[in-house]
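Please put together the full structure from these sequences, using the hints given.
Chains as they are written, first to last, in our numbering: chain A, 1 to 115; chain B, 116 to 611.
You may find that some hints are simply not true.
[What the hints assert, rightly or not] In silico DSS-like pairs for lysine-lysine, Cα to Cα no more than 30 Å straight-line:
1) Lys462/B <-> Lys255/B
2) Lys68/A <-> Lys135/B
3) Lys332/B <-> Lys99/A
4) Lys361/B <-> Lys332/B
5) Lys357/B <-> Lys99/A
6) Lys65/A <-> Lys410/B
7) Lys303/B <-> Lys135/B
8) Lys534/B <-> Lys76/A
9) Lys410/B <-> Lys110/A
10) Lys410/B <-> Lys534/B
11) Lys65/A <-> Lys485/B
12) Lys534/B <-> Lys99/A
13) Lys490/B <-> Lys54/A
14) Lys437/B <-> Lys68/A
15) Lys499/B <-> Lys99/A
16) Lys54/A <-> Lys389/B
17) Lys444/B <-> Lys389/B
18) Lys68/A <-> Lys430/B
19) Lys92/A <-> Lys462/B
20) Lys68/A <-> Lys412/B
21) Lys257/B <-> Lys76/A
22) Lys534/B <-> Lys490/B
23) Lys303/B <-> Lys257/B
24) Lys68/A <-> Lys257/B
25) Lys303/B <-> Lys76/A
26) Lys490/B <-> Lys76/A
27) Lys99/A <-> Lys432/B
28) Lys201/B <-> Lys68/A
Honestly, the hints are just simulated from the structure, not real lab data.
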Amino acid sequence: MFKILKSLSKSLGGGKTAEAKPQAAPAPKAGGTLLDKVNKGSKNAPAAQAGPPKSAEELCGITAKMAKDEIRAQLKILFRRYNRSASSLDAKTRAEADKMLDAIVEVREKHFGEI
Amino acid sequence: MAEHVGIDLGTTLSGLAYLKPDGNPEIVPNADGERLTHSVVFFDSHEDVKLVGSAARDGGEPDRTIFQIKRYMDDPEHLVEIDGKKWTPAEISALILSKLKRDCSKICGDITEVVITVPANFNELARKSTIAAAQMAGMKVKRLVNEPTAAAVYYAHSQGVKGRILVFDLGGGTLDTTILDVEGENIKILTSEGARHLGGSNFDDLLLDAYAEQYKKQTGASLYSDERHRRRVLQATEDAKKMLSKLQRVNDTVANDQNSGIARIDLTRESFEKIIRNMLTRTVFLVEQALDSAKLKPSDIDHVVLVGGSTRIPKVKTILEKMFGKTPKSCGNVDECVALGAALFAKKSAKIQEVCNASYGTLAMVYNAKTKEEKLMNSIVIPKNTPIPCSRTQVYQTSEDNERVIEVDITQGEDEDAKFIDVIGRITLEVPPNRPKGCEIAVTFSYDENQRVRALVVDKQSGRSKEVAVSYKGAGVLSDEELKRRSAHLRTMRIE
Chain A
1 MFKILKSLSK SLGGGKTAEA KPQAAPAPKA GGTLLDKVNK GSKNAPAAQA GPPKSAEELC
61 GITAKMAKDE IRAQLKILFR RYNRSASSLD AKTRAEADKM LDAIVEVREK HFGEI
Chain B
116 MAEHVGIDLG TTLSGLAYLK PDGNPEIVPN ADGERLTHSV VFFDSHEDVK LVGSAARDGG
176 EPDRTIFQIK RYMDDPEHLV EIDGKKWTPA EISALILSKL KRDCSKICGD ITEVVITVPA
236 NFNELARKST IAAAQMAGMK VKRLVNEPTA AAVYYAHSQG VKGRILVFDL GGGTLDTTIL
296 DVEGENIKIL TSEGARHLGG SNFDDLLLDA YAEQYKKQTG ASLYSDERHR RRVLQATEDA
356 KKMLSKLQRV NDTVANDQNS GIARIDLTRE SFEKIIRNML TRTVFLVEQA LDSAKLKPSD
416 IDHVVLVGGS TRIPKVKTIL EKMFGKTPKS CGNVDECVAL GAALFAKKSA KIQEVCNASY
476 GTLAMVYNAK TKEEKLMNSI VIPKNTPIPC SRTQVYQTSE DNERVIEVDI TQGEDEDAKF
536 IDVIGRITLE VPPNRPKGCE IAVTFSYDEN QRVRALVVDK QSGRSKEVAV SYKGAGVLSD
596 EELKRRSAHL RTMRIE
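Now the structure itself:
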């Protein structure tokens, strides 16, 4: 595994398909509007997903085959991620994070009992 | 002049403490005789006066009363408009700090330099806004210190303990969990984790929803129709919450302001705990996150220390006792220990080993040779909780042939997924032409004792480099001139 520097503007404008993508993007603001573009349609954006409402387990990516330890590990990763997003300045991101935190708590209570 | 002064600028309550000649800190009451001042500001419409504290909380008009401004310290778009003037969160906070400075100076002497506490996970902009607020109030900020660190300093000072301590700080607006080692006067922070929007006021809001639901059920009407009445009921729910920390059951009556009748509220401690259970489970997650970050188990913790008014809720203690197998302790008044610790910190900061509050890194396209996948990721150079001062370097490669300008985004955040981090700056470095892709670029981040971060980018082939101080300079940060102007204006105001 090796790492190649890739700024956001180059991610959006560079590469083989540069002609089809926006030209030099403006410098990103804190909070990153460019990030929204980069991650548009990201698999990790639960609230952005269309279709029928998902269960808490589906939102958290928990499947019936997962062992307790795997569920616990997955919930920890998700809590760390969405707890941070819950402080976002963007109201939509905050609302999505809050929904995910509710789902994380629900899954925990189902699999590990109430506190 | 008061030499070592600490201020806890809280979401709901603020306090000021100073270090007495005997080396012990003491809370200084405000001019209203209260040891702590409600973080509420009221702009009177009849007189040119700003009320701060309980007078502002109890009597004001909702449109002219500002609550919990701390929650918006990092929001450049949050402006409070009163009589045509737009106030920033830093300016509103400056009014609270001015009240503390003016009132307390009469007792402990002139206050010119202070240590101010902030939540552990306050971001760069929120920290800058806090410093700006103090400057506008006529005080120089000697240091910002994380709230749980300040509380731990006071706990260690007052209890004379040693060992590994977990501080659980559940205040009005935030939860902070910090783990630290104490050996005599030396304190080493291991980790701090925080949750914004998780505190007593969230519990009040949930209780308010329960009151409104009961009212609707019993009378068929809405409990409140305007902000003024909502505030009154919210005050009642806060009182009920506090009583339930002492009693098992509380009976209350509520009415709306439309003569729709009275509803009887019968609230038990058990039902209250059920209402806030989701929030309490989140607190458990955060404690587990802190333990994971420090690579510790609950049994590795020698003392669990409670800080913040919301830790008076019995269920909080029960949960922590169950988790750690020991009774949590509090250091005196849980509302005051942060300010008291800040005053101690003002003198003892050299003996306290702190850690990076966040991870810093850059964005990189990472290729996985096994899966042949490439992914834009947050590549961390300095991980959160690295003891400071520190310096770390990571070497990357350029992505294109004949690349003339190297752009390095500076990221803040722990997640490897770029969606869940903040890009807080960018370094641009011009490099020689006609080079193939794959040239090595070294990115170094340095973090000093004052939580200042510097980034250095070096093109290894040409030796060209650029170094910048990483600091948020975006919207919401005032220029020095503007800060001076607003500070001078604030000094002319009547603040009671």
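Hints, verified against the model:
1. Lys462/B <-> Lys255/B: Answer holds: Lys462/B to Lys255/B is near 15 Å, not above 30 Å.
2. Lys68/A <-> Lys135/B: 54 Å, violated
3. Lys332/B <-> Lys99/A: Distance ~27 Å between Lys332/B and Lys99/A Cα, so the pair holds.
4. Lys361/B <-> Lys332/B: It holds: about 28 Å lies between the C-alpha atoms, which stays within 30 Å.
5. Lys357/B <-> Lys99/A: 28 Å, holds
6. Lys65/A <-> Lys410/B: 28 Å, holds
7. Lys303/B <-> Lys135/B: 25 Å, holds
8. Lys534/B <-> Lys76/A: Within the cut-off at roughly 18 Å; holds.
9. Lys410/B <-> Lys110/A: 26 Å, holds
10. Lys410/B <-> Lys534/B: 26 Å, holds
11. Lys65/A <-> Lys485/B: 25 Å, holds
12. Lys534/B <-> Lys99/A: 17 Å, holds
13. Lys490/B <-> Lys54/A: 27 Å, holds
14. Lys437/B <-> Lys68/A: 21 Å, holds
15. Lys499/B <-> Lys99/A: 26 Å, holds
16. Lys54/A <-> Lys389/B: Within the cut-off at roughly 24 Å; holds.
17. Lys444/B <-> Lys389/B: 24 Å, holds
18. Lys68/A <-> Lys430/B: 26 Å, holds
19. Lys92/A <-> Lys462/B: 43 Å, violated
20. Lys68/A <-> Lys412/B: Holds, at roughly 18 Å.
21. Lys257/B <-> Lys76/A: Roughly 36 Å between the alpha carbons, so the hint for Lys257/B and Lys76/A is violated.
22. Lys534/B <-> Lys490/B: Within the cut-off at roughly 12 Å; holds.
23. Lys303/B <-> Lys257/B: 20 Å, holds
24. Lys68/A <-> Lys257/B: Violated, at about 48 Å.
25. Lys303/B <-> Lys76/A: Holds, at about 25 Å.
26. Lys490/B <-> Lys76/A: 23 Å, holds
27. Lys99/A <-> Lys432/B: Given pair Lys99/A, Lys432/B holds - Cα atoms ~27 Å apart, limit 30 Å.
28. Lys201/B <-> Lys68/A: Cα-Cα ~52 Å, so violated.
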